[in-house]
Amino acid sequence: MLKSMNCGALRKDHVGRTVTLAGWVHRRRDHGGLIFFDLRDRSGLVQVVFNADVSEPAHTLAETVRPEFVVQIKGVVAARPEGLINPNLATGEIEVEAHELVILNASKTPPFPINEDVPVRDEIRLKYRYLDLRRERMQRNMILRHQVISFMREFLNRQDFLEIETPILLKSTPEGARDYVVPSRIHPGKFYALPQSPQQMKQLLMVAGYERYYQIARCFRDEDLRADRQPEFTQLDLEMSFVDSEDVRALIEALLIELVGRISDMRIQEQPFPVLSYHEAMERFGSDRPDLRYGMELVDLTEAVRHSKFGVFANTAAAGGQIKAICVPGAASFSRKQIDQLTEGVKERGAKGLVWLKAEHDGLRSSISKFLSEEEKDAIIELTEANEGDLILAVADSKEVVAESLGWLRTHLASMLGLADPNTLAFCWVVDFPLLEWDDEEQRWVAVHHPFTSAKASDWPLLESDPGKALANAYDVVCNGMEIGGGSIRIHDAKHQSLLFSALGISEEEAREQFGHLLEAFRYGAPPHGGIALGLDRLVAILAREDSIREVIAFPKTASATDLMLNSPSPISARQLAELHLSIVE
RNA sequence: GGGGGCGUAGUGUAGCGGUUAACACGCCGGCCUGUCAAGCCGGAGAUCGCGGGUUCGAUUCCCGUCGCUCCCGCCA
Numbered sequence: 003m004l005k006s007m008n009c010g011a012l013r014k015d016h017v018g019r020t021v022t023l024a025g026w027v028h029r030r031r032d033h034g035g036l037i038f039f040d041l042r043d044r045s046g047l048v049q050v051v052f053n054a055d056v057s058e059p060a061h062t063l064a065e066t067v068r069p070e071f072v073v074q075i076k077g078v079v080a081a082r083p084e085g086l087i088n089p090n091l092a093t094g095e096i097e098v099e100a101h102e103l104v105i106l107n108a109s110k111t112p113p114f115p116i117n118e119d120v121p122v123r124d125e126i127r128l129k130y131r132y133l134d135l136r137r138e139r140m141q142r143n144m145i146l147r148h149q150v151i152s153f154m155r156e157f158l159n160r161q162d163f164l165e166i167e168t169p170i171l172l173k174s175t176p177e178g179a180r181d182y183v184v185p186s187r188i189h190p191g192k193f194y195a196l197p198q199s200p201q202q203m204k205q206l207l208m209v210a211g212y213e214r215y216y217q218i219a220r221c222f223r224d225e226d227l228r229a230d231r232q233p234e235f236t237q238l239d240l241e242m243s244f245v246d247s248e249d250v251r252a253l254i255e256a257l258l259i260e261l262v263g264r265i266s267d268m269r270i271q272e273q274p275f276p277v278l279s280y281h282e283a284m285e286r287f288g289s290d291r292p293d294l295r296y297g298m299e300l301v302d303l304t305e306a307v308r309h310s311k312f313g314v315f316a317n318t319a320a321a322g323g324q325i326k327a328i329c330v331p332g333a334a335s336f337s338r339k340q341i342d343q344l345t346e347g348v349k350e351r352g353a354k355g356l357v358w359l360k361a362e363h364d365g366l367r368s369s370i371s372k373f374l375s376e377e378e379k380d381a382i383i384e385l386t387e388a389n390e391g392d393l394i395l396a397v398a399d400s401k402e403v404v405a406e407s408l409g410w411l412r413t414h415l416a417s418m419l420g421l422a423d424p425n426t427l428a429f430c431w432v433v434d435f436p437l438l439e440w441d442d443e444e445q446r447w448v449a450v451h452h453p454f455t456s457a458k459a460s461d462w463p464l465l466e467s468d469p470g471k472a473l474a475n476a477y478d479v480v481c482n483g484m485e486i487g488g489g490s491i492r493i494h495d496a497k498h499q500s501l502l503f504s505a506l507g508i509s510e511e512e513a514r515e516q517f518g519h520l521l522e523a524f525r526y527g528a529p530p531h532g533g534i535a536l537g538l539d540r541l542v543a544i545l546a547r548e549d550s551i552r553e554v555i556a557f558p559k560t561a562s563a564t565d566l567m568l569n570s571p572s573p574i575s576a577r578q579l580a581e582l583h584l585s586i587v588e
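Residue numbers for the first sequence follow our numbering, so the first one is 3 and each next one is one higher.
Treat each hint with caution, since some may be false.
To be verified - Once the Cα atoms are required to be at most 30 Å apart in a straight line, the calculated DSSO-like pairs of lysine-lysine come out as:
| id | residue 1 | residue 2 |
| --- | --- | --- |
| 1 | K379 | K458 |
| 2 | K173 | K559 |
| 3 | K354 | K311 |
| 4 | K339 | K372 |
| 5 | K458 | K173 |
| 6 | K349 | K372 |
| 7 | K360 | K379 |
For the record, the hints were derived by calculation from the structure and aren't laboratory data.
Generate coordinates for the entire structure from the input sequences, incorporating the hints supplied.
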């Protein structure tokens, strides 16, 4: 070893000890005859002093050293004199008096500061990701990620799970997201697909009798990116035999609670986690991934304004739509311009407009005030529980548009007004999702979750009579308005699997072609089973208090799915193309 | 595929239809034996993302394009 100690581990007890340290020069303070380095390795910082009176050669060499040089220092740990202790540093009670200095490697001046947490353009950070990763923020996030993963492994091992790897080169299937595909050299014109998740493989492991499987699984989806979506991402994927949905939820709930207790100082808002039906979540929060850290729930005004003189309300109610509102605390002072911006936002989400009512000392002030009767105004105030100074925002439209637009308003305003406590984790379960939804574009039913999800036992007959009404035996785990995981009890017999494929408009021939292995496997004693996958990147981002999962991924892609460090994707040679039996169409 | 924001020394920002594009940090040199965001003195460093247009004159206004980013679509 080129070092005998870690910089950050040095304490008062080590005073008098001769140590050899190695690391990066974090900062340098040159006083002429006296030079200070803050020496950094992964463990932290320690101050090193070069005194010309102690070692002339070391001091002379130290004059040439610059930030990010990699150096080795041999010296003696010394207690700092009274008044020179640095309380901001874990090693602040001591310093290392340098006797020897070796420059292991010089460094160019870095393109951005490594030793300060200052904002830098993402473009530059990603091009020099190896330098960005040197910064404290990223080291903290990577260490947190490691702790989360190691805890998960330890917890599941303790619960008798087996970690089993599944292939990265799989087979493209028609359902779901776009696949990343890999051309086959050996089989001209044929392709592998990278897994969108190890879904089928883990079910087959259940058929194989492994009972409890997990994997820290890399998943790939060729869809457009977001702050919480990368083309490749990581899931804690697990599957269990002989369980029902409560068993899976109880396990994950216990895992999350213990995880937070061990590695985070954040507070869990409510235990056991609240369980909401999909219907309830949509009605109360306008979202299937509600942020429960604040109120501002959606209030149904439909009955109160059904016969209103305000035509939009009356007509919407008559047409079977909804009129719902949220009450924004203290927002009656919003300007016309601010409200216009909110109106633009809800219009983007399908609403035709936004009605505002300001609760003032002498009643409701609103552009539609003159159309509302006193009874209607009283009802609105009572239902929304508005106090003086609050702003009521209402949307009249179809159930779907009302949920979408008010759901957006609710989270948008909460973030504007800082209503969400950043130190709170509000976990909840969302259950009773519809099994299928109608896809207008494809003119067929598609699986809300995935085509291996079981319907609730009593809902199987609905698949033929009224497919949209059938509920899935599925569950999502949500935290602070983010979906951090989802799973279901699976179909485990060929009869029900065929029934579902046929509801999805997948012909028997297609089903055999695409999923024959699964249908066949189900004929050989497949146990009842179910599982879940947690989005590791999202979970770690929440625990790291980061807004983007890029901040918890070592080498992430940009919003246009490129890697600015590697310059990928990139063209391949004509020879490679030929070997793969590919030609590029311009 | 669509919409919004951003792009000015190494980094972060300011600026303006008109002489030499400003500030902080960083960088280079000098001084300095108790600093820890060291200090003091001096200095270098920018085809204002790229292309086109309007104009006597464009970093500034317009159009296009590229990159980063956020959102909609998409994401079983």
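Status of the hints after comparison with the structure:
Among the hinted pairs, K379 with K458 is inconsistent with the structure: their alpha-carbon atoms are about 43 Å apart, more than 30 Å. A C-alpha spacing of about 24 Å is found between K173 and K559, which places the hinted pair at or below 30 Å, so the restraint holds. At most 30 Å may separate the alpha-carbon atoms for a hinted pair to count; K354 and K311 meet this at roughly 18 Å. With a C-alpha separation of about 22 Å, the suggested pair K339 and K372 falls inside the 30 Å cut-off, and the hint holds.
The straight-line distance between the Cα atoms of K458 and K173 is roughly 29 Å, inside the 30 Å bound, and the hint therefore holds. The straight-line distance between the Cα atoms of K349 and K372 is roughly 24 Å, inside the 30 Å bound, and the hint therefore holds. Restraint check for K360 and K379: satisfied, since their Cα atoms lie roughly 11 Å apart, inside the 30 Å limit.
Of the hints listed earlier, the one the structure fails to meet is number 1.
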